[in-house]
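Asker: Using the sequences and the hints, build the whole thing.
Protein chains in written order, with this note's numbering: chain A, 1 to 710; chain B, 1001 to 1059.
Be a bit skeptical, because a hint or two may be false.
Derived, one-sided and incomplete: chain A residues facing chain B with beta-carbon distance under 7 Å [what the hints assert, rightly or not]: (1) Phe45; (2) Trp48; (3) Leu155; (4) Trp243; (5) Phe462; (6) Glu466.
Cross-link-like lysine-lysine pairs, in silico, DSS-like; alpha carbons within 30 Å at most [as the list claims (entries may be wrong)]: (7) A:Lys651 - B:Lys1027; (8) A:Lys226 - A:Lys371; (9) A:Lys7 - A:Lys371; (10) A:Lys461 - A:Lys298; (11) A:Lys651 - A:Lys663; (12) B:Lys1027 - A:Lys371.
Calculated directly from the structure, the hints in this document are not laboratory data.
Glycine included, every Cβ here is placed at the ideal spot set by N, Cα and C.
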Amino acid sequence: MTVETFKYDNRWVRNFAFASFLWGFVGMLVGLIIALQLVFPQLNFVEWTTFGRLRPLHTNAVIFAFVGNGIFMGVYYSLQRLLKARMWSDALSAIHFWGWQLIIVAAAITLPLGLSAGKEYAELEWPIDIAITLIWVVFGINMFATILTRRERHLYVAIWFYIATWITVAMLHIVNSMELPISAFKSYSLYAGVQDALVQWWYGHNAVAFFLTTPYLGLMYYFLPKAANRPVYSYRLSIIHFWALIFLYIWAGPHHLLYTALPDWAQSLGTVFSVMLIAPSWGGMINGLLTLRGAWDKVREDPVLKFMVVAVTAYGMATFEGPLLSIKSVNAISHYTDWTIAHVHVGALGWNGFLTFGILYWLLPRLYNTKLFSVRLANAHFWLGTLGILFYAIPMYWGGIYQSLMWKQFTAEGILKYPNFLETVSYLRPFYIARALGGLLYLTGTTVGIYNLIKTAAQGKFVAEEEASAPALEKNYTPHGTEGWHRVIERRPVQMLIFSFIMVAIGGIIEFVPTFLIESNVPSIASVKPYTPLELHGRDIYIREGCYNCHSQMIRPFRSETERYGEYSKAGEFVYDHPFQFGSKRTGPDLQREGAKYPDSWHYNHMMDPTIMSPGSIMPAYPHIIDHDLDTNTTAAKIKAMQMLGVPYPKGYEAIAGTDLVKQETVIQASLAKDGIKVSKNKEIIAVIAYLQRLGRDIKTNPQTAAAQN
Amino acid sequence: MSVLFVLISACLLMALLFLLAFVWSVKAGQYDDDYTPSVRILFDDTTRSDSSNKTNPEQ
Chain A
1 MTVETFKYDN RWVRNFAFAS FLWGFVGMLV GLIIALQLVF PQLNFVEWTT
51 FGRLRPLHTN AVIFAFVGNG IFMGVYYSLQ RLLKARMWSD ALSAIHFWGW
101 QLIIVAAAIT LPLGLSAGKE YAELEWPIDI AITLIWVVFG INMFATILTR
151 RERHLYVAIW FYIATWITVA MLHIVNSMEL PISAFKSYSL YAGVQDALVQ
201 WWYGHNAVAF FLTTPYLGLM YYFLPKAANR PVYSYRLSII HFWALIFLYI
251 WAGPHHLLYT ALPDWAQSLG TVFSVMLIAP SWGGMINGLL TLRGAWDKVR
301 EDPVLKFMVV AVTAYGMATF EGPLLSIKSV NAISHYTDWT IAHVHVGALG
351 WNGFLTFGIL YWLLPRLYNT KLFSVRLANA HFWLGTLGIL FYAIPMYWGG
401 IYQSLMWKQF TAEGILKYPN FLETVSYLRP FYIARALGGL LYLTGTTVGI
451 YNLIKTAAQG KFVAEEEASA PALEKNYTPH GTEGWHRVIE RRPVQMLIFS
501 FIMVAIGGII EFVPTFLIES NVPSIASVKP YTPLELHGRD IYIREGCYNC
551 HSQMIRPFRS ETERYGEYSK AGEFVYDHPF QFGSKRTGPD LQREGAKYPD
601 SWHYNHMMDP TIMSPGSIMP AYPHIIDHDL DTNTTAAKIK AMQMLGVPYP
651 KGYEAIAGTD LVKQETVIQA SLAKDGIKVS KNKEIIAVIA YLQRLGRDIK
701 TNPQTAAAQN
Chain B
1001 MSVLFVLISA CLLMALLFLL AFVWSVKAGQ YDDDYTPSVR ILFDDTTRSD
1051 SSNKTNPEQ
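Answerer: Now the structure itself:
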């Protein structure tokens, strides 16, 4: 047995670490800005900084820039040490790092410009989607080649988490980003309506699962034992909860679409898997916390462990809440409200944020061969952050539940107690102020943390190459003589149990899926017609402005919603929606039945300044839509793309679509002129009005409801 | 609803891949010992002389 000497590469670990906290600061700052915009709508300033464009920037920055770089930092550090091997290729490490940063810069430019695919957490347009795929493959090659050239035969549980992360994120990203480009930065989702929603939330939920959870569990299994200098409480539990977690998570997506037009059986499938998820999730939390048994005295003194304990606790809270919110009767209250926002922030600020900073405080002194610059500052960061989470989450829980109950409140006479949606929004103002304060506290903590980390780096000397030695891996390995795999698991009852469970679950699914798929799940509705060219343009502006961030287009079959908005939404109504725009949050009212509710001039004035028509509204003003000319050069391309996606425009319609567009513009222009508004017909506002007035009119609406709304 | 076929087969494929990975890992002896690995990661194998802030177990 020869002992080989080699060097760990710390450069990319360091670079990813710096990228993580710098982008983290940017992402959180944008978060604070949009939180303040909900209190002071004047802060929307210009078209590039409106809430609808900055909110995707915030979510993408925090998920893919802050947490993404955090993942890579932790993987590049722990993988080398767990495998006793240098990262396979320095060149691939460099491409991975710089490629990922370029993607983030591209996102930071395109999202404020309104170049958006219109699907939450997947807003980036198709060229960036391709770049993400390529860089992800580079990361994969580098990681798997390192695994193949390792000097340690056993793959520690953290590595299993990294592998599952890589393969699942690759699948999710590719399937959800299937889109038909019509220009350099505009594309349409290949899927439509309910189907698009299902794909999107299958992706969206598993982005949480396999980008925010599994890689971070892997990091927890490496860095928490290292920081506590204790082996993980139960290695066996870590194995069990790993396999159970990855198997269950992938099915849970439909719980984002409970009570929507998604077929009932798919909703139930999502609920069942979501509820089951509590077991493996809490397995991880318990394993993390119990690792500290007998080491709680260290937690009192070591800021690294303090951060990690709160992180793991936040993980436990968020994964308790997840199954709870997936139960239909709870979801009926929580969906579309700030409760969901509180839920994700317990996960993002607590679990991801605190684990990242715990790791950074542990890692940077080691990379720079020094001590942490200031333990006091780290403790200050800890308390600012913890208070920030509480100030964020509690008001959002309170406000979210209260608003939902206001939406559902009927008077003794059986009419809505708060028929004016705005009344319920105004009620939230103090909660939004408290939330912004929570965000400010957390961001202040982050700033203190960044200062502390930079000072730590400045006082030490960076160890770019760390020498290590380990024996080479023997080529041949025969663990049990000649026995087969089944003999091996027979001696392992727990693993045998999981193995059988997986088999049973898969068998069950194979059985019942065809049973359900025999009849079509989206009954077509004859009166639902494709959008006119002008409406299609208006819809693309709706997507560009990110209206879906605050307005849903999905009325659930509750009396409180049908009274407020009109007939509940049917799956067949969305068959031409590429992409779907159901939305997931009602900061403003649902728009599914908006068509014909108000005159054209109402929308014109409302876009110019929402407070003219709705005093106290917190919606941004959109004067730029009134100023901008509609770009009709793309009309033909849009119609052609829709035809390719199966929207039944007549053959050759793209040639005459422009004429139809002008005709419709003239009608709306005349209607506006009647109310004393002079506007030239080639403005974007005309297209937006056309789209909004079309919404939900294809099936017969209840005229009484529409009247009650006004 | 054709996308359901895509999603369900993708989910099944993923589940199957995970299952194969699990079977492989058991077969390859990954879980023959479920205690040592948890302790082994605590030891550093770096040959750097300075170990002022290193986590050296049982010291």
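Asker: Could you check the structure against the hints above and give me the numbers of any it violates, in ascending order?
Answerer: Numbers 1, 2, 5, 7, 12 - these are the hints that the structure violates, sorted from lowest upward.
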